[in-house]
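Build out the structure end to end from the sequences listed, making use of the hints.
Number of protein chains: 2
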Amino acid sequence: MPSYNAPVEDTLFLLNDVLGFHDHSHLPRFSEATPDVVEAILKEGAKFCEEQLQPLNQIGDHEGCTRHDDGRVTTPKGFKEAYDAFCEAGWGSLAIPEQYGGQNLPASLAVVLNEFMCSANMAFAMYPGLTQGAIAALLEHASDEFKDTYLPKMTTGEWTGTMNLTEPHCGTDLGLLRTKAVPQGDGSYKISGTKIFISAGEHDLSDNIVHLVLARIEGAPAGTKGISLFLVPKKRLDADGNPAEDNGVSCGSIEEKMGIHGNATCVMNYDEATGWLIGEENKGLRAMFVMMNEARLGVAIQGVSQSEVAYQNAVAYAKDRIQGRSLTGPKAPDKPADPIIVHPDVRRVLMTIRSFNEAARALYIHTAIKGDISHVSEDEAERQAADDFMGLMTPVLKGVLTDKGFDYSVMAQQMFGGHGYISEWGMEQFVRDARIAMIYEGANGIQALDLVGRKLPANGGRAIQAFFKEVGGFLKEHGDNEDLQGFTKPLKKGLDDLQAATMWLMQNGMANPDNAGAASTDYMHLMGLVGMGYMWAKIAVVAQAKLEEGAGDKEEMLKNKLTLGTFYMERLMPETGAQLARLSTGAQTMMSLPEEAF
Amino acid sequence: MPSYNAPVEDTLFLLNDVLGFHDHSHLPRFSEATPDVVEAILKEGAKFCEEQLQPLNQIGDHEGCTRHDDGRVTTPKGFKEAYDAFCEAGWGSLAIPEQYGGQNLPASLAVVLNEFMCSANMAFAMYPGLTQGAIAALLEHASDEFKDTYLPKMTTGEWTGTMNLTEPHCGTDLGLLRTKAVPQGDGSYKISGTKIFISAGEHDLSDNIVHLVLARIEGAPAGTKGISLFLVPKKRLDADGNPAEDNGVSCGSIEEKMGIHGNATCVMNYDEATGWLIGEENKGLRAMFVMMNEARLGVAIQGVSQSEVAYQNAVAYAKDRIQGRSLTGPKAPDKPADPIIVHPDVRRVLMTIRSFNEAARALYIHTAIKGDISHVSEDEAERQAADDFMGLMTPVLKGVLTDKGFDYSVMAQQMFGGHGYISEWGMEQFVRDARIAMIYEGANGIQALDLVGRKLPANGGRAIQAFFKEVGGFLKEHGDNEDLQGFTKPLKKGLDDLQAATMWLMQNGMANPDNAGAASTDYMHLMGLVGMGYMWAKIAVVAQAKLEEGAGDKEEMLKNKLTLGTFYMERLMPETGAQLARLSTGAQTMMSLPEEAF
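Protein chains in written order, with my numbering: chain A, 1 to 598; chain B, 1 to 598.
Don't read these hints as lab results, they were simulated from the structure.
It cannot be assumed that every hint is accurate.
To be verified - Listed below are the simulated DSSO-like cross-link pairs for lysine-lysine, each with C-alpha atoms no more than 27 Å apart in a straight line:
| no. | chain 1 | residue 1 | chain 2 | residue 2 |
| --- | --- | --- | --- | --- |
| 1 | A | K235 | A | K147 |
| 2 | B | K493 | A | K493 |
| 3 | B | K493 | A | K492 |
| 4 | A | K80 | A | K147 |
| 5 | B | K225 | A | K331 |
| 6 | B | K492 | A | K493 |
| 7 | A | K335 | B | K225 |
| 8 | B | K180 | A | K335 |
| 9 | B | K489 | A | K493 |
| 10 | A | K559 | A | K43 |
| 11 | B | K335 | A | K225 |
| 12 | A | K335 | B | K283 |
| 13 | A | K180 | B | K335 |
| 14 | B | K335 | A | K283 |
Structural data, given as C-alpha cells:
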C-alpha cells in the first residue's frame, strides 16, 4: 500500500525563505496570510490529505465511478464522506473573496494545498479543482446577480463546477464546435449539443453542478469568433435559489480510461437545457481562457504531485528492499544483501526525481505569487510585469511539469522492479493518473505552440526579455560568489542556450512559421530547465547564507539542499545544449517528408 | 480500433540491401534462407499476425486471463484458436534444428517474426516467446535424452515453456533464492518453493508446460554458487512420453497488473514436484543465462514492436483528424480544418518515433545476425567477434529499445489528445503493455550495470574496441563522401562522445566502482544512440548508391530513407553530448546525500 506525507517543511522553506511570500504582506490577500496562518493551513491541509484522501486513492482506482441506468453517477466508496469533510473544513474557500464567503487568501497558498490533495488522491482533487476554475471564470465575467446566486454555494462546495469545451470532432480547435444556443427572449438560452471528456460532469458529491458550456448562438459567425460561454446548472434554481427542477442536462456515459478512475469523465448531453450567457456574446473563448489559465496551473501541479508521491514511495522501497551488494563493499553486512539505495544508479534515479520535484514546486509557487501580485498590487507596472511572467510561464509549467511529472512517475515505478507493474503496490496507478495531465487543458504540444506563437512575441517580447533580465540580474548579483560557482555557471550556460534559442526563433520563426512549430517543444523544455535551474540557484543562495550565519538544527537540511541542487546542475542542466542543437536544425527535414511516406 | 501492418518491405530492405543477410548464404542455417524463402516467410508471417493475432489484442486486454478455483487458468477468448493456428503453421519451429523437427533457419529471421507478433499482440506472443527461450536453454544444456523427449513437442508448440527465477524476496539478486531441490536417488529431485511473476506459468493453450526452475539443492553453497537449473513439467510423462499425472506444480494466483493482461502472470507453487537437473549442479545461473540472453533480445524487440504499432496508428490518426490550420496557410482549404499532420510538432513526434523504429530494427537484426554467425561460422575468430558483438549489444538493445519503445508509445498516444487516454482507441494499451519490457528479464538499470560492469571490461575491452573499429572503419570508408556529410559528421561526433565516455569509465570506474554505476544508464543510452546512428549511416550509404544507379520505383522509398535518417541525425544524435556531460560528473554528488535525507 502506498503512503504519502505532504512536504510541509519543504514548502514552508520555499514560501518563507526562498520566494519571499511574506515580502508582500502589505498587499491585500497577503496581509491575511501571516506566517502562523500559512503554517497552520499547510499542516492542517496536509493532515486532511494524508488521513482522509490518500487512503481512498487505490479504492477509487479499483472501483471507479458507476453510471446507473437512470443517468445518475456514483463516485467510489468513501468519496462522498471525504468530500463532505472537505466542505466542512472550508478547503475550497481559501482563495475566494470574502464577499462570497471565502477566506480571501492568496491563490499561491491554495495551489500548494492543491498539490497535496493531488498527491493524495488526484481523481478526488479534480472535483473541487474544477469548481475552482469555474469560480475564477464567474468572478471575472459573470454579472453580480449570477455571482451572488452561484458563488457562495460553490465556495462552500455545496455546488461544484465543470468546464464543457470538447466535442467529439473538436478539442484543440474549438472553432469547429457545434453545440448551439437559442435565445428565448427572456435572457435565457436553450442549449443543445454533446460534450465529451467532461471531468466531474455528473456525480453524487454535491447538490448541484454548475456547467460552464461553450456554445454557438444561432446565427453567430463560424469559427472561434462565434463562440459564447453559458452557465447551465444541472438543476434550475427555485425562487429561493435552491436546486429544483432537472434542466435537460444528462450524462450519456462515462468513459473507460487509462487512469483517474475515481473521477467521472462524462459524455454530457444538453437537450434544450436552459443556460445563461456569461460575459459577452461571441466572446466565450476569452472568458473561458481565464478558467483555462487557472486550470493549466492546476494541471501543472498534478504533474508534480504524482512525481512527488511516486518518489516518496520509491524511496521507502529503496531503503527497505535488499538485493545485491554495494559496488564498494557490503553496507549492511548483517543482512543477506544491501538495501538498493546503496547503488548509484538507484540514487541517480531518486535524486533526479527529487531535484525536479523541489525545483518544480518552487517554480509553480513563484509563478502563483506573481499571479497574485498581478491582481492585488497597487503598482500598475508591477501588476503588468507579474502578469507577463504568469502568462509566459503558464504554458511552460503545464507542458514541462506534466511531461516530467509523468516521466519521473515512471522512473519511480521502475525502482520496484516487477512489483511496480502489479496493481496492489500502487505505483502503476501514479503513472496512469499522471498520464492525463500531459493531455487535458491543452495537450502539451499546444502549450509549446502557445509559448512560441503567442507568449514570446506578445508586446514585442516584453515578457521573455523581463525573464532574461530577472535571471541575468540574479547572475550578476551572485556570479562572483566563489562558493556558488556550481550553481551560477551551469545556470549561465542554460540562460545562454535559452537566449540563443530565442534569437534563433526570432530570426527563423518570422521567416517561416514552421520553424517556430518545429522548435516549440524543445524550446518549452529548455525554458523549463532554466526556470527550475534558476529556482535551485535561488535556493542555494539562501542555503549558503543561512549556513554561514549558523543554521542550528537546519544545518543538515540546508546542506542537503545544496547537494540536491548540485545534482540538478550536474545531471539535468546539460540537456539545454542538446535542446538548442536540436531546435536549431529547423523545420526543413520534417516538412520535406511527403505525407504518404509517414 | 487500432490496426497493424507488418513492415515487411522495410525489413526486406534491411535484410537484403543493408545488413547483408544473404552474404552468409555459404553458412549453415543461412543456406536455407534464400531470398525467396525469406520473403515468403515474412509475408505469410505478416498475414498471420495482422489477421489472426491483432484482432485479439484488445479483447485480450479487456478480458485478461482467469484463474478458476481448481487452479486452471484460461486465456482470453480466441487465444486458443489462434495458438492452434500458430502451431499448425509451424511458426515456432523456424530457428530450431531439424533433428527436433525445426526448420533450421537463422534466428535472425525468427526475431523479425517475433517483432511482428508482438506488435500484433504482445501478450499472446509471450506464450511462444517463452517457449523459444526454454528451447534455447535445453538445446545448450540438457542431455540428449531430455532433448529428444521434450524438444520435438516444444518445437511444434504442443508443449510450452517458462522461466522460473523470481521469488517474492528476490529478483535481481538470485543468490537469495530459497526454492529447494531434494535428490531422490533416481536422478530426479523433489522441488519445493514459490516463484512469482511467472509469465505463461499456467494456461489452456498447450498439453503440457515445461517449467525451467532455479532451485538450490539441499546442502548447496549459499548465494549464486549454489543454484541449479531443473526441468519441472506440469504433467509428468508416461512411458510413451505423453503428459499424464499432475506433478505438484500449481498456479496459486494470477497477478493484477498494469498491462499484458492476455498473458497469465502466475504465482507458481512447487510442492515436492518432480524435477530433473539440467546442466551441472550449482551451475544453474550459467545455464539460465543462455535463456536470458535470448529472452533479453526478445524483450528488446517488444519495445520496438509497441513503438511500431503505436506509430502506425498515430500516423493514421494524424492524417485523419482535422484540427486547426497549418501555420503557413490552409493545406485542406475544402475542409473546415487541416489534418494535424501538417503541423511541424506533429511531424517531429512521428518522425522521432519512426526514425527510432527503423534504426532499432536494423540494430537488433544486425545483432541477431552476429548471434547466428557466432553459432554457425566455420571461422573461430569470426565466431568470437560475433559473440563479442552480441554480448556487448544485448544489454544495450534490452535497455535502450525498451526505454525508448515505451517513451515513443507514450508520444504516439499523445497524438490522439484525449482519445489517447480512452481505452477503446487502444493507444493506452500499447503504453501499458510496453511498460513491462523495461522491467522484466533484468530491469534496465541492471542491463546498464551488465554493460559497464561486465561487458565493457571483459577480455580487456575486446568487444567495445571491435565496435569502435567497426564504426570507425565505416567512417573512414565513407567520411569523404560529400553527399553523406549529414550522416558521417554526426555519427563521428557520437562516436567521439562514446569513446570519451568509455575512456572516462576506464579511468574513473576502476578508481571507484560507484563512478561506473553512476554513469551506467547514460552510457548505455549513449551507446544505443550511436549504434542506431551507425545503422542510419549504413542505410544512407546504400540508399545513396542505389539512387545514383537509378532506383526506378524504389526511388521515393530511398529518398524518404535519407530524409528520415537525416532527421535522426539532426534531432536524436545531439543527445550524446548531454549524456557525456552528465556521466562525466561522476558519483560524488549522488553518494554524498545521506540516506535519511532521501
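Kindly indicate which numbered hints from before are broken by the structure, ordering the numbers from low to high. Nothing - there is no hint that the structure violates, so all of them hold.
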